[in-house]
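Student: These protein sequences, in sequence, are chains H and W. Count along the first sequence starting at 1, add 3, and that's the number in this note's numbering. Count along the second sequence starting at 1, add 324, and that's the number in this note's numbering.
Don't read these hints as lab results, they were simulated from the structure. For every residue, glycine included, the Cβ atom is placed at its ideal position computed from N, Cα and C. Fair warning: there could be bad hints in the mix.
To be verified - From the structure, some residues in chain H lie toward chain W, with a derived Cβ separation under 7 Å:
id: 1; residue: Pro91
id: 2; residue: Asn97
id: 3; residue: Thr98
id: 4; residue: Val121
id: 5; residue: Pro125
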Amino acid sequence: MSASPANPPEQNTAEGATLLEVRNVSKRFGATEVLKNISLNIACGEFLTLLGESGSGKTTLLRLIAGFEQATSGEIWMGGERLDVLPPYKRPVNTVFQNYALFPHLSARDNIAYGLRVKRTPVSEISGRVEEALSMVKMQGFAASRPSQLSGGQQQRIALARALVNRPQLLLLDEPLSALDANLRKQMQSELKALQREIGITFLFVTHDQEEAMALSDRIALLRDGALEQVAAPRETYARPATAYAAQFIGQTNLLHGEIRGSIATCGALRWPCEEADGSVVFSLRPEAIRLSADGKRQTNEVRFRAAVRQQLYGGSTELLEVDCGKGQTLRVRVPACGRLTGEHDFVFSISDAVRVQE
Amino acid sequence: MYSRTYKSLVSIPPLFWVGAFLLLPYALMFAHSLWTVREGVIVHQWNWENYKTLFTNPLYAEVLFRTMRIAASVTLCSLLLGYPLAYYLAFHAGARKELLYQLVIVPLWVSYLVRGYAWKTILGSDGVLNAFLQYLHLTHEPVGFFLYSPFAVVLMLTHIYTPFVFLPIYAALEHIPRPLLEASQDLGAGSLQTFWRVILPLSMPGLLAGATFAFVLSLGDFLAPLLVGGPSGTMIANVVQSLFGAAFDWPLGAAISMGILVITISLLFLGEFLEKRWAFK
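Chain H on its own, in the form it takes in the complex (with noise of 0.2 Å):
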């Protein structure tokens, strides 16, 4: 995998200017290299993700870019000044921490208006900004309490809280959701969105959950082992993935090694017409592009297999079939929910959604 992104970002795919600059930045942990080369822009407004698994270097940038590390080469740039030669009490950056970190010997309020206070803000301005930020995350009955007597959800939204009061030109949010159960999870993700669109800050938000990427960012920033392996737009990454890897990671994919001779791609069993060069090839082919096919006939452009169904896992609205096409190539299928299948079925595809992905 080479160091630069498969897809280069494009300037044009988020509004406004570009406010923060990632140039060529290295990080290494002795002989570790956890960040290799990275260059990302990330505009005015923008709801940037740094999508990764764990060990990939997504909370190292994001520390980066806070100023809690420094890196090993590299620049940050931000609205034409440097940044990461700043101590991290000078970025005009906040973080939400993972685990919220907030000051237990602090009630929210003082909380909240910590960063107001060290910066020296007029104690007139700070209540009012203290209030306004609580009203923001609905805790007004809360600015009294302690960290200890509230539960994760409110601790995440007091953390929210006393980030965004400072008003950053860029919020950070490392993992800010993992702490809190799936439901409370999936209602402070359309939170943090509405959020984020009513105030205006750019967030750049990092997660190892694919779902909560695609959910809330602009973009999605993937990154394997240090690199930058796809930058796009999550209904770009889903439908273009660039590699395997991307095709894998952000929802469920079968991906397909072949190869294309004489203008003609195959992959075991499945053979369709390709214009492009000879070689060895995989593409990705997601299971809800594959469709039964109940009169057994195809259109143009489309690919027609004949499969068994080795297995059926009932999701609710969609079923998720798995087919032997013969050959020991197996795929996975999801159709609407059909009712028991089983035996030899006639199943197709577009060519169009069969992508090319590199290794």
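We have chain H already, so just place chain W on it with the hints.
Tutor: Just chain W, lined up with the frame of chain H:
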């Protein structure tokens, strides 16, 4: 669940211990403090005479006041030494942390008396310190107040109790979650503001525990004044000792002891109250 019989059985040894070696002696002490000595014999006649003496004779008030002053000085000095040391070890010592920690602990293995005598040889008229100062021609004759003075007592007790102050402070600092320090910086606070607003308040329980240790232990100390205090460095425990010994006035000695006990217990309660007030989860 343990049975009732089992519970009462296991509680016998500690109850016996506390009763025989704590409550009974205190009761005896209190009883003695209400008796008097006449013609070298203890007269078992209840009265408050000893307590009256305690409050009216300026000698005792003076020694008690000096004792509190010395204890307060020791507390302050050991905090001033122990806190920065604990802070350095907890946040900046890196790989040297283990070694430095051991170095702070090692003196605790050396006998109190040995350390006391060491100070005698350092501070005395022909001691190491005076010899050194004369060698540098900073002084031309031995400086007398180094030894046998309240200064010497404070110095020796500070040396002895600094590790006791260091330990709880170090434990408190080690327990501060590091993300809190990052959060503070993230919100715009430099090192100094982070110290005042986060580190100091969160280490307050340890600081109070250490201060209580140093003050209470210094308050009851009698070896340091005996070894390096001289007449001007006499502390209340030395008075008690001489009343029980040479002066043979057990009742007055017991009354003073009760006074010290009341002060000590009040301080322990105050310390605990403050620690609870500053404790965070």
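Student: Each hint needs a verdict: does it hold in this structure or not?
Tutor: A quick look at each hint next to the structure:
Proximity of Pro91(H) to chain W holds as hinted, the smallest CB-CB distance being about 4 Å (cut-off 7 Å). Using the Cβ-Cβ criterion of 7 Å, the hint placing Asn97(H) at the interface with chain W is satisfied: the shortest such distance is roughly 6 Å. At a threshold of 7 Å, the smallest CB-CB gap from Thr98(H) to chain W is about 5 Å, leaving the interface hint in force. Given the 7 Å rule on beta carbons, the hint for Val121(H) holds: about 4 Å separates it from the nearest Cβ of chain W.
Here the hint on Pro125(H) is broken, as its CB sits about 15 Å from the closest CB of chain W, past 7 Å.
Comparing the model with each earlier hint shows a violation of hint 5 alone; every other hint is respected.
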